[in-house]
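Participant: Below, each chain spelled out in residue letters.
There are 2 protein chains.
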Amino acid sequence: MSLNNIKSFFEPSSVAVIGASQIITKVGYVVLHNLLMNKKKLIFNGDIYPVNPKYSEVLGVKCYPSLKSIGKNVETIIIAVPAQIVPNVMEEAASIGVKAAIIISSGFSEVGNVKLEEEVKRIGLRSGIRIIGPNCLGVYDPYSGMDTLFLPEVKTLSSGREVVATPRPFPGSIVLISQSGAFGAAALDYMAGHGIGVRCFISLGNRCDVAEHELLLYFAEDKKTKVNLLYIEGIGKGREFFETSKEITKSKPIVALKAGKTGAGARAASSHTGALSGIDEIYGAVFKQSGIVRAMNLEELFDMGRALNLQPPAHGKKVAILTNGGGPGIVAADTCEESGLSVIKLSEDVINKFEDLKEKGELLPIIANSNPVDLTALATSDMYIKALKILLNDENIDGVLVITLPQTPSILDDVIEKIADVAMKQKKPVVSCVMGGTEMAEEFRVRFEKIGIPSYSMPERAARAIYSLMEYGVHLGK
Amino acid sequence: MSLNNIKSFFEPSSVAVIGASQIITKVGYVVLHNLLMNKKKLIFNGDIYPVNPKYSEVLGVKCYPSLKSIGKNVETIIIAVPAQIVPNVMEEAASIGVKAAIIISSGFSEVGNVKLEEEVKRIGLRSGIRIIGPNCLGVYDPYSGMDTLFLPEVKTLSSGREVVATPRPFPGSIVLISQSGAFGAAALDYMAGHGIGVRCFISLGNRCDVAEHELLLYFAEDKKTKVNLLYIEGIGKGREFFETSKEITKSKPIVALKAGKTGAGARAASSHTGALSGIDEIYGAVFKQSGIVRAMNLEELFDMGRALNLQPPAHGKKVAILTNGGGPGIVAADTCEESGLSVIKLSEDVINKFEDLKEKGELLPIIANSNPVDLTALATSDMYIKALKILLNDENIDGVLVITLPQTPSILDDVIEKIADVAMKQKKPVVSCVMGGTEMAEEFRVRFEKIGIPSYSMPERAARAIYSLMEYGVHLGK
Numbered sequence: 009m010s011l012n013n014i015k016s017f018f019e020p021s022s023v024a025v026i027g028a029s030q031i032i033t034k035v036g037y038v039v040l041h042n043l044l045m046n047k048k049k050l051i052f053n054g055d056i057y058p059v060n061p062k063y064s065e066v067l068g069v070k071c072y073p074s075l076k077s078i079g080k081n082v083e084t085i086i087i088a089v090p091a092q093i094v095p096n097v098m099e100e101a102a103s104i105g106v107k108a109a110i111i112i113s114s115g116f117s118e119v120g121n122v123k124l125e126e127e128v129k130r131i132g133l134r135s136g137i138r139i140i141g142p143n144c145l146g147v148y149d150p151y152s153g154m155d156t157l158f159l160p161e162v163k164t165l166s167s168g169r170e171v172v173a174t175p176r177p178f179p180g181s182i183v184l185i186s187q188s189g190a191f192g193a194a195a196l197d198y199m200a201g202h203g204i205g206v207r208c209f210i211s212l213g214n215r216c217d218v219a220e221h222e223l224l225l226y227f228a229e230d231k232k233t234k235v236n237l238l239y240i241e242g243i244g245k246g247r248e249f250f251e252t253s254k255e256i257t258k259s260k261p262i263v264a265l266k267a268g269k270t271g272a273g274a275r276a277a278s279s280h281t282g283a284l285s286g287i288d289e290i291y292g293a294v295f296k297q298s299g300i301v302r303a304m305n306l307e308e309l310f311d312m313g314r315a316l317n318l319q320p321p322a323h324g325k326k327v328a329i330l331t332n333g334g335g336p337g338i339v340a341a342d343t344c345e346e347s348g349l350s351v352i353k354l355s356e357d358v359i360n361k362f363e364d365l366k367e368k369g370e371l372l373p374i375i376a377n378s379n380p381v382d383l384t385a386l387a388t389s390d391m392y393i394k395a396l397k398i399l400l401n402d403e404n405i406d407g408v409l410v411i412t413l414p415q416t417p418s419i420l421d422d423v424i425e426k427i428a429d430v431a432m433k434q435k436k437p438v439v440s441c442v443m444g445g446t447e448m449a450e451e452f453r454v455r456f457e458k459i460g461i462p463s464y465s466m467p468e469r470a471a472r473a474i475y476s477l478m479e480y481g482v483h484l485g486k
Numbered sequence: 009m010s011l012n013n014i015k016s017f018f019e020p021s022s023v024a025v026i027g028a029s030q031i032i033t034k035v036g037y038v039v040l041h042n043l044l045m046n047k048k049k050l051i052f053n054g055d056i057y058p059v060n061p062k063y064s065e066v067l068g069v070k071c072y073p074s075l076k077s078i079g080k081n082v083e084t085i086i087i088a089v090p091a092q093i094v095p096n097v098m099e100e101a102a103s104i105g106v107k108a109a110i111i112i113s114s115g116f117s118e119v120g121n122v123k124l125e126e127e128v129k130r131i132g133l134r135s136g137i138r139i140i141g142p143n144c145l146g147v148y149d150p151y152s153g154m155d156t157l158f159l160p161e162v163k164t165l166s167s168g169r170e171v172v173a174t175p176r177p178f179p180g181s182i183v184l185i186s187q188s189g190a191f192g193a194a195a196l197d198y199m200a201g202h203g204i205g206v207r208c209f210i211s212l213g214n215r216c217d218v219a220e221h222e223l224l225l226y227f228a229e230d231k232k233t234k235v236n237l238l239y240i241e242g243i244g245k246g247r248e249f250f251e252t253s254k255e256i257t258k259s260k261p262i263v264a265l266k267a268g269k270t271g272a273g274a275r276a277a278s279s280h281t282g283a284l285s286g287i288d289e290i291y292g293a294v295f296k297q298s299g300i301v302r303a304m305n306l307e308e309l310f311d312m313g314r315a316l317n318l319q320p321p322a323h324g325k326k327v328a329i330l331t332n333g334g335g336p337g338i339v340a341a342d343t344c345e346e347s348g349l350s351v352i353k354l355s356e357d358v359i360n361k362f363e364d365l366k367e368k369g370e371l372l373p374i375i376a377n378s379n380p381v382d383l384t385a386l387a388t389s390d391m392y393i394k395a396l397k398i399l400l401n402d403e404n405i406d407g408v409l410v411i412t413l414p415q416t417p418s419i420l421d422d423v424i425e426k427i428a429d430v431a432m433k434q435k436k437p438v439v440s441c442v443m444g445g446t447e448m449a450e451e452f453r454v455r456f457e458k459i460g461i462p463s464y465s466m467p468e469r470a471a472r473a474i475y476s477l478m479e480y481g482v483h484l485g486k
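First to last, the protein sequences are chains L and S. Taking the numbering used here, I'd label the letters of the first sequence as residues 9 to 486. Taking the numbering used here, I'd label the letters of the second sequence as residues 9 to 486.
No wet-lab data here; the hints were simulated from the structure. Here the structure is a predicted model, which is why all the values come from computation and not from measurement. All C-beta atoms in this analysis are idealised placements derived from N, C-alpha and C, irrespective of residue type, glycine included. A portion of the hints provided could be inaccurate.
[Claimed, not checked] Just the calculated beta-carbon pair ranges, DEER-fashion:
hint, chain 1, residue 1, chain 2, residue 2, range
1, S, 202, L, 401, 34 to 42 angstroms
2, S, 454, L, 454, 17 to 25 angstroms
3, S, 30, L, 377, 34 to 42 angstroms
4, L, 426, S, 422, 43 to 51 angstroms
5, S, 397, L, 348, 45 to 53 angstroms
6, L, 48, S, 167, 18 to 26 angstroms
7, S, 366, L, 245, 31 to 39 angstroms
In isolation and in its complexed conformation, chain L is listed as follows:
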């Protein structure tokens, strides 16, 4: 399998937009506009050719009546014309040696037009043109400037006010591969809003050719990629996916959300992108064997992605919880245990060290020597650091979930940098929970995250994040 082909989707030397349009709400307008803007900003380096027999010029650029009439090499085409015309476009593309096609057009197997999709697929196979889609959003690569998303960055509300609608997240190291375009668009919005950088986003749609495993292979070789996130409704090429994932997770983590778990979900998934969703338990077992960490909901997919992007995997599943609030500590402990982690009893050694600190007056005498370690509402930054060091140094503990409730009078924001300083000097993972919805809590979370500690607003989310680091780490050690 040649990964060169795959590269044409992300770094083409030339692209043609089939169905380029002058009408602002049309896909062919938005895609062309975004590419031209990226070219102007010097992010995108390829040549850009609008194709549409209706126009001689679109957006100030010469428009060609057909692919052939361009008269130059075209590496990649983006197709945004009605489904019925797509086979003709593909035939023409084959005749001029196009390497890759992103078919945005819908109206194929997802609405029952299986034959039309088969026809397109056959042309691809015969001519060697690789296909992403049909019925997809395509690709967004912030490094190369390749952007086929037809969703406008800005929209105008009925009040006349302009708001950010589908922002593009900044460049980062998380690859997101999604079957669903809608989910993908919402996901990009979520990532942009939460400051999560993206290495590349790919919406696969009906997936008549290029599937997850080829993209995973491509990004396995890519130095900018640290984590792969998958949104899956059903896997077409099961064996390839399984074998590839097994290999890739030896060096880079994969987190997957499988939608269509229940009867109703599966029925919907099957009508949605024409994929037949298999039995949920099978996916669970395959994920487990391949070292794929399974996210149980959308929020978790990103929460785990952030954790695996920032923190090292753990060598085991024994977790310590450090907190200044009893209730949130209990909730975190519950979720850890429910996820299969072990909220271990503290070792003699740790207890002795805690007792020493209590005697010296450096920890409060009322602290129970149990896990979660509850420093109480009187906890100071220094108490956090001293307790955290002891926990991280204990060979019985594989990672620490730190809850800092910033609302108490005794805790100051210097705790953030101090915790990060201790955490970054060693190799066990640390994740943070800061509860609250207003300024102070938000400030804590953002600063934790910036300094390399993934931070969550709910103890359950932090627990699932450290679970992902432990689950993946234990797989790595096998």
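Go by the hints and put chain S onto chain L.
Facilitator: For chain S alone, coordinates are given in the frame of chain L:
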């Protein structure tokens, strides 16, 4: 049981702050300061007496050496002195006819001082003084201005910048009763940050006297209360709680989060507020029988609270999902089914009506007549309204979960008011999901919520919210 006693905690004609202090970081300072501010703002109407033999004046108000020396009736006392002194304070309070005591002080059964707590409890029982606490935050009632939270509203960061630390949510109709003070503080922060109004917040701590069921009874009679939220680590008076809840849920919903589900969580809960957490399954069964809706995590507690506060309960568990994105629809369907709701197949009648609209060109021909109803990325506001009306009018459907992804070009923000308009004209519940983390999505959610439709950023959360309306509604109909 006299509810008059309970009223003394929320609307006292006079309060004494035992342990009033001039030192800004002390509990006795923060509590007194907040009460005096509320008095100045004319929210709090009671008389306020600082008590501390060390001072003759605190915060510009005369300070008394003892309760007796006040020489006037004192209805309620707030105790913020070391644990050992609390019995003396209680004896003195008994001698002057105090009715209620909020004991903020810690150092009782939660650290093994069971005898001291028993002593305090006995004085209360003998003298008729009702007690909230010890080891608690006490009470926040935005209507009466009674505020014993010792957490400052504003804190100063190390950079010198002042930020909102523990904001007080605005007045609303949700009662929040929490065993954990830390959870309570974080919860208030969350509610303030997400614009969720609170009727009253009570942190119960060790709960040596007043327990959940009495507060539930008190707020059952209260016209401002619409929903009760409980954070529970363990129930002390099981039978009373069970019987009371059964009665109350006939008119007002209760949502409960039970922490300490697992072994580790239960161990932590038991050391935390001295409560022995029972077996998780028993709680599940008791909740079910009493008509209490169980939240599985903290976020859900508030999500369900918002749903029950804004929307009517449903008569059954048959749900329809209306969406412009396939993937999120599938995820919502999964969560609905996993929660025991039925994502029903559409009736002949609904399908016929959809077909009519398709023929007229008012719905797209590619829409499959299945549930979730996927209007596709080309959906307009008008399509939403037409489909929603048909779904809500179908006797086979008990409620509708509407997903609007605002990122597509064809959907405009007028869809919000139009959906609300349809929803508010009938009696079945409607909840909304708007995915995304930036401006447009945020704007959609806030406007939905303001107009009476609870709105969530993830399909799973919206699904659990409509589950709470269906679970409670079915219980009501029994």
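Participant: Hint by hint, note whether the structure agrees.
Facilitator: Hints, one by one, checked against the model:
1. A beta carbon spacing of about 39 angstroms between residue 202(S) and residue 401(L) agrees with the range 34 to 42 angstroms that was offered as a hint.
2. In this structure the supplied range 17 to 25 angstroms holds for residue 454(S) paired with residue 454(L), their Cβ-Cβ distance being about 21 angstroms.
3. About 36 angstroms separates the C-beta atoms of residue 30(S) and residue 377(L), a value consistent with the hinted range of 34 to 42 angstroms.
4. Taking 43 to 51 angstroms as the suggested C-beta distance range, the pair residue 426(L) and residue 422(S) conforms, at roughly 50 angstroms.
5. Checking the proposed 45 to 53 angstroms range against residue 397(S) and residue 348(L) shows it holds: the Cβ atoms sit about 46 angstroms from each other.
6. The given range of 18 to 26 angstroms is broken by residue 48(L) and residue 167(S), whose C-beta atoms sit roughly 39 angstroms from each other.
7. Checking the proposed 31 to 39 angstroms range against residue 366(S) and residue 245(L) shows it holds: the Cβ atoms sit about 35 angstroms from each other.
Checked against the numbered hints above, the structure breaks only hint 6 and satisfies the rest.
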